[in-house]
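Q: Position chain B relative to chain A; hints supplied.
So the sequences go chain by chain: A and B. Per my numbering, the first sequence starts with residue 8, numbered consecutively. Per my numbering, the second sequence starts with residue 1325, numbered consecutively.
FYI, nobody ran anything at the bench for these hints, they're computed from the structure. Built from N, CA and C at the ideal position, the CB exists for glycine as well. Watch out, some of these pointers could steer you wrong.
Unchecked claim - Just some of the chain B residues that point at chain A, by a computed CB distance under 10 angstroms:
1. Arg-1332
2. Leu-1354
3. Ala-1364
4. Leu-1366
5. Met-1367
6. Ser-1376
7. Gly-1380
8. Glu-1394
9. Leu-1403
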Amino acid sequence: MPSLKDIRKRIASVRNTQQITKAMKMVAAAKLRRAHDAAVESRPYAEKMRELLANLSARVSEDSHPLLVAREEKRIDVLFVTTDRGLCGGYNSNLFRLSENFLGEHPEQEMSYRFVGRKGADFYRRRGRSAMDDSPVTWNAPPEEIAAAAAGRFIGRYLRGESDGAYILYSRFRSALSQVPTAARLIPVAPAKVDEDQQLTEYLLEPSIGDLLSTLLPKSVEVQIYQALLEAVAGEHGARMTAMESATSNASDLISHLTLQMNRARQAAITKELLEVVSTAEALG
Amino acid sequence: MAGEISLRVVTPVRLVLEEQVDELTAPGPLGQLGILPDHAALMTTLDVGQLSYKQGGANSVVTLAGGYAEVLDNVVTVLADAAEFPDEIDTARAENARARAERALEETDPTDEEALAAARASLQRALVRLETAARR
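Only chain A is shown next, with the shape it has when bound in the complex:
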């Protein structure tokens, strides 16, 4: 049985930990709100872009731009989005599982990974899979720059024929409590379909439909990555908030359990002392 002093020490240490997890929870909640706002604010742009692209691509054949043409997937580029830091519950391990499944579904293909987030890079470094280039793997740059760099790289490789497709593996943000690990195709671009019976608006196009497509398509890849990154960030904070919330309540449980133990130990000590006094008195009596 641990001594009274030992139990007191443990209670103090658990209380310390609880204060840290509580603080982390509050920080994550504040960051979640900001990240969530950023994701919501970027939505109008992404939606309008999807609309424009759907409208444009409805009036051209599929082979009018190389980024629209699908080919047999022999080499695939993957953007794997994880976090830099831990303590966010199962967020990263869910992504690792998604990625391993993704690899399992494409056994024949040659996969090149590019990482955002140190955790994913570390996971594959331990398994001997290296990144396709030496681009930074952390979140230090602003998301729009990360998205632009990754999009440029993937598009270049696709157009030069060094890859036959690009995917992004990330955590889709559903709510603070729920993130869904998702694999989405970036290249070739699959524009949303316009309803058949809906009349296509006759637009004047400047400078030309080809020019419009060739700037809009790469931009849309970039925007898709950017959106995914924003959602990933929001999800990370959501996951951390939830994890820290349950850590805090676990600490509370532990403290009340230890307090009970401590009170029992104290009671036992008092009883023992009393017994000693009584039996001494009797022996002397």
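A: Same frame as chain A, but now just chain B:
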């Protein structure tokens, strides 16, 4: 009279502007593009430059760092890579950016077309921002 065109400027980061305007002028690929009420449906790319719009007698300006515009039934949607109002522009930063871009332009290998184009684009962005800031 309230403007007849509803103008919306969005960037990936935020919704910059949502206003009713009487007319606007945007930096089109083939020169300045003036849009009055009842303009035909139009989809176009936009260059780096100033988007100006009139509300009543008042003229306002926003800088655009390139993008797209759609005109449809008196609704103009501008998708800009970045957009700033004159009072948001940090003149010192823009001045720095211009100096940096000019240096880059001189140092860039003249045969490297891509780098040259990038340097020219950033120089132009800096110039437009300075010009807009001067109108404050």
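Q: For every hint, state whether the structure bears it out.
A: Outcome of the hint check:
The restraint placing B/Arg-1332 at the interface with chain A holds, with a minimum CB-CB distance near 8 angstroms, inside the 10 angstroms limit. Residue-level restraint check for B/Leu-1354 holds (minimum Cβ-Cβ distance to chain A is 6 angstroms; threshold 10 angstroms). At its closest, the beta carbon of B/Ala-1364 sits 6 angstroms from a beta carbon of chain A; the interface hint therefore holds under the 10 angstroms criterion. Taking 10 angstroms as the C-beta contact cut-off toward chain A, the hint placing B/Leu-1366 at the interface holds, the least distance being around 4 angstroms.
With its C-beta approaching chain A no nearer than about 5 angstroms, B/Met-1367 sits inside the 10 angstroms limit, and its interface hint holds. Interface hint at B/Ser-1376: violated, since its Cβ lies 19 angstroms from the closest Cβ of chain A, which is beyond the 10 angstroms cut-off. Here the hint on B/Gly-1380 is broken, as its CB sits about 26 angstroms from the closest CB of chain A, past 10 angstroms. At about 6 angstroms, the closest approach between the beta carbon of B/Glu-1394 and any beta carbon in chain A falls short of 10 angstroms, and the interface hint on this residue holds.
Taking 10 angstroms as the C-beta cut-off, the interface hint given for B/Leu-1403 holds, the closest approach to chain A being about 6 angstroms.
Checked against the numbered hints listed earlier, the structure breaks hints 6, 7; every other hint is satisfied.
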